[in-house]
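Turn these sequences into a full structure, and let the hints steer you where they fit.
Read off the chains here:
Protein chains: 4
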Amino acid sequence: MLKDVQSLNDDRNLSIDKVGIKDILYPIVVKDKNKGKQHTVARIDMFVKLPHSFKGTHMSRFVEILNNYKADIDIRSFGDILDDMMGVLDSEVAGVEVRFPYFIEKKAPVSNLPSIMDYECEYTGYATKSEKDFVTTVKVPVVSVCPCSREISSAGAHNQRSYVKIKVRYNKMVWIEDLVNIAECSASAPIYSLLKREDEKYITETSYANPVFVEDIVRNIAEILLEDDRITWFEVSSDNMESIHNHSAYALISRDKRKN
Amino acid sequence: MLKDVQSLNDDRNLSIDKVGIKDILYPIVVKDKNKGKQHTVARIDMFVKLPHSFKGTHMSRFVEILNNYKADIDIRSFGDILDDMMGVLDSEVAGVEVRFPYFIEKKAPVSNLPSIMDYECEYTGYATKSEKDFVTTVKVPVVSVCPCSREISSAGAHNQRSYVKIKVRYNKMVWIEDLVNIAECSASAPIYSLLKREDEKYITETSYANPVFVEDIVRNIAEILLEDDRITWFEVSSDNMESIHNHSAYALISRDKRKN
Amino acid sequence: MLKDVQSLNDDRNLSIDKVGIKDILYPIVVKDKNKGKQHTVARIDMFVKLPHSFKGTHMSRFVEILNNYKADIDIRSFGDILDDMMGVLDSEVAGVEVRFPYFIEKKAPVSNLPSIMDYECEYTGYATKSEKDFVTTVKVPVVSVCPCSREISSAGAHNQRSYVKIKVRYNKMVWIEDLVNIAECSASAPIYSLLKREDEKYITETSYANPVFVEDIVRNIAEILLEDDRITWFEVSSDNMESIHNHSAYALISRDKRKN
Amino acid sequence: MLKDVQSLNDDRNLSIDKVGIKDILYPIVVKDKNKGKQHTVARIDMFVKLPHSFKGTHMSRFVEILNNYKADIDIRSFGDILDDMMGVLDSEVAGVEVRFPYFIEKKAPVSNLPSIMDYECEYTGYATKSEKDFVTTVKVPVVSVCPCSREISSAGAHNQRSYVKIKVRYNKMVWIEDLVNIAECSASAPIYSLLKREDEKYITETSYANPVFVEDIVRNIAEILLEDDRITWFEVSSDNMESIHNHSAYALISRDKRKN
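Residue numbers (my numbering), protein chains in the order written: chain A, 1 to 260; chain B, 1 to 260; chain C, 1 to 260; chain D, 1 to 260.
It should be emphasised that the hints constitute simulated quantities derived from the structure, not laboratory data. Keep in mind that the hints are not guaranteed to be accurate.
You can't tell identical chains apart in this list, so a pair holds if it fits in one copy or across any two.
[As the list claims (entries may be wrong)] Subject to a maximum C-alpha distance of 25 Å in a straight line, what follows is the list of computed DSS-like cross-link-like pairs (lysine-lysine):
#1 K35 x K165
#2 K31 x K70
#3 K172 x K132
#4 K70 x K35
#5 K33 x K70
#6 K106 x K165
#7 K167 x K35
#8 K196 x K49
#9 K70 x K37
#10 K70 x K106
#11 K167 x K33
#12 K55 x K167
#13 K165 x K132
#14 K3 x K201
#15 K49 x K257
#16 K172 x K31
This is the structure we're talking about:
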């Protein structure tokens, strides 16, 4: 029988906080608020804590666990995946991070033509024997029109694509779709894949009527998340790809309601 | 003595078009139109053609040649580098590709405050025993204001950062600075690192007064390059990071004056 | 009615080689040799040629065409997409480029345990009124063991992950799976997501028994592609992420059989 | 005079944790242990905390501060930059993050030929009126030979490039060069840009004689950092780009000595 080098004893007396696999690309199926299920492709990290007495973990077992769940990656199945990891890998701590594009069909604001928008999302879960912790992250592209540029200029105002990132912990299901809506209504205008001329006119005019600084975007979202009783913690940031600079303007607010 | 496996005979009768090293990161010094010299960091590819009779090339020699030139990477030293490669690596064809950020100090349009802008550039050189071919590429961020959005909307117009890429072959020295100027004057407005309020007002108003489609940007540049007798070939493209979409609008024009 | 600025006349007398949309992310379904169909996510570019007399193209129509085909992106549907583009956008030339990860279930060589491997692929299609041209590209990670290191060392040999890229034109259907097989049998060993100890032993020993330079990989593949009558043109390259350097060793062979 | 929209009052009662500029590319000069100074190119983030009563910060001032320090970016000048930011932007908290490639000339182990290696580094600094906190991060490519593969195989062992990342807080100057040395002596072998055959033999044989799991790499480094009295906190991770998989093996250890 082949020697199991990983199971050998280690005498350096150093536990390892995280050990596992990183950046494995994997086809997954996630819950979809409107259609039930959605196929997408994820980049996944999985890790456990390694007690000081073991020389190494068994990397192939992470992939075996993943193979058992591929058709059902979901915030709800995360608990089972984490329990399996702690069991199979004999660890007291486990973590999973799953990053994937999520697609939502949206209707253009005037023509009502449907098209598909992509949002980068991330589900992360950490578990110990007694506790589980989940975070959902959604990155939403929006339009931001600069209030200063509008105020000081005789016509026009610089605007750009901004990437709003919302990370939340919650005590009751929050859908990706919910977070996308919150981000979109907090900026100058939403973004679509398909806009006809009448839609473009509408987006141009409504965004010009709703100028926001990067600071306004994160404050608008923070106000909504503070009011939402499902949310227990959040971190919201916006990265405005300034049309007049070659760098971004950036703002971030984080609040932990559990501390109050 | 250690066996030279690379120099062994190969009997598959297949020459190799390109063989060499890729993606080596290297500090270089490039010629600067205003300051004489500029320090930057480059990502470099180097390759030669391998005749069918050799099993392999000698990869370490590429790095040795690079070490000889590091303080003087330049379109003008490229000829010598290519000659060295053909000589040392015993090949009839050699190529070098050097990609680096190049920095230009620019003054804001109204306040005149100086700041530094970065432009991604690339020098490529190919040589045979009888011929040499050089291409200079510059990628220039600019502002583009959408003419359609402006025309159909009661106020405002969507605008965004666009990345204009100009690639040229020439018979007389063309500076990176020259190509940056051509790109900037062909868009709605140039981009700066540092703008005070009076500058932001100016850029907003002039860009609104100069709306351009992605098609206009490449045509404006093509018109200038067709008139410029130094340029013998060009390819110009623009990638407009649409503020109202999560994808880009794109256009490309290429012309070879040597064919006329 | 809103003015159609794009349809205005342009008097610069410059046709545009490519104009369209770039980097739109889209869920697609592709043909799968073993399972019939496969869901994945693609990054897509679409463009047409714009005659000199038009000021601009209609960008939203590209997305409308894409919406019609989303459930059936395929080398075979590409012809229809290109015809639609030429029709709807009133152009004599059209092009589509679709990049996506493709997943294949593979069995580990000794344990026979199944796991899923990802391969970056690209379908490109160009069309004029009289001709169509298709290219399939597959990027395959493989193991490469260095023959020189093995020959000169008393034990061991440096090895690394290499990314082999095969691009082909063909006159009879070639599957992604076929190209993956060709790449894998031309390197030191294939790569798997899941290997148990007996598999790891097998891969280590067979790869050590099959050392290949980056030059050998591309020549081995070129020999097979030259013999394959379905293939009319190919470009094969390998990017070896050298374990002993922080850069890659690289080789490329291209052959056009149509020229003979 | 142009209206200062940013200085307006905000009544949402929400302070912003971080607001500033992100991803500005900038030429900098850093301290070099051997040569005194080194030119490189950095990607920089700068931010302050914004009190709830202000509508916005003044983004251009970040760039103005940067312009004052460009020739002297250094862990030691960081304190001054942070003080300037708190002063000019009227904030109680400031942060700077500077990421750059750093180059070290190394001699090949047998031939003694010099060549230049690149290491991705990061300096981060955070300050409040009463405290400053600095972290230095170095990412070091090394060779890792798998102990399991070596043990169970009749010949050879899979090996790969691994990226070791060391982040440290300290109470006495720690050079980038010091951290590079610690990483390199904790893996199977260091990595060089230029190796002649005698060097390749040496690296192959010594790395084969020193197999390490990803777990061993981080434990070896943690042992050294725990002993080093300059270090008050560290996080060390390794990302092994497995030659036999298309994903990485990963491990991380973090320890805070200030807590004991």
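Hint by hint, here is what the structure shows:
Taking the shortest Cα distances, K35 and K165 sit within 25 Å of each other inside one copy (24 Å), while across copies they are farther apart (37 Å). Taking the shortest Cα distances, K31 and K70 sit within 25 Å of each other both inside one copy (13 Å) and across copies (20 Å). For the identical chains of this complex, K172 and K132 are intra-copy neighbours only, at 14 Å inside a copy versus 39 Å across copies, given an alpha-carbon limit of 25 Å. When the C-alpha separation of K70 and K35 is checked against a cutoff of 25 Å, the pair qualifies both within a copy, at 18 Å, and between copies, at 16 Å.
Both within a single protomer and between protomers do K33 and K70 lie at most 25 Å apart by alpha-carbon distance, with minima of 19 Å and 20 Å respectively. Only within a single protomer do K106 and K165 lie at most 25 Å apart by alpha-carbon distance; the minimum there is 19 Å, versus 33 Å between protomers. Proximity of K167 and K35 under a CA criterion of 25 Å is satisfied intra-copy only: 23 Å inside one chain copy versus 37 Å between copies. For the identical chains of this complex, K196 and K49 are inter-copy neighbours only, at 21 Å across copies versus 53 Å inside a copy, given an alpha-carbon limit of 25 Å.
Taking identical chains as interchangeable, the C-alpha atoms of K70 and K37 lie at most 25 Å apart whether they share a chain (13 Å) or sit on different chains (17 Å). When the C-alpha separation of K70 and K106 is checked against a cutoff of 25 Å, the pair qualifies only between copies, where the shortest distance is 15 Å, while the shortest distance within a copy is 27 Å. In this assembly of identical chains, the alpha carbons of K167 and K33 lie at most 25 Å apart only when taken from the same copy (18 Å versus 39 Å across copies). Taking the closest pair of Cα atoms, K55 and K167 come within 25 Å of each other only across two copies (23 Å); inside a single copy the shortest separation is 35 Å, beyond that limit.
In this homomeric assembly, K165 and K132 come within 25 Å of each other (Cα to Cα) only inside a single copy, at 23 Å, whereas the closest approach across copies is 28 Å. In this assembly of identical chains, K3 and K201 lie within 25 Å of each other by CA distance solely across copies; the values are 11 Å between and 69 Å within a copy. In the homo-oligomer, the alpha carbons of K49 and K257 lie at most 25 Å apart only across protomers (20 Å), although the nearest pairing inside one protomer, at 28 Å, exceeds that limit. Taking the shortest alpha-carbon separations for K172 and K31, only the intra-copy value of 15 Å comes in at or below 25 Å, while the best inter-copy value is 39 Å.
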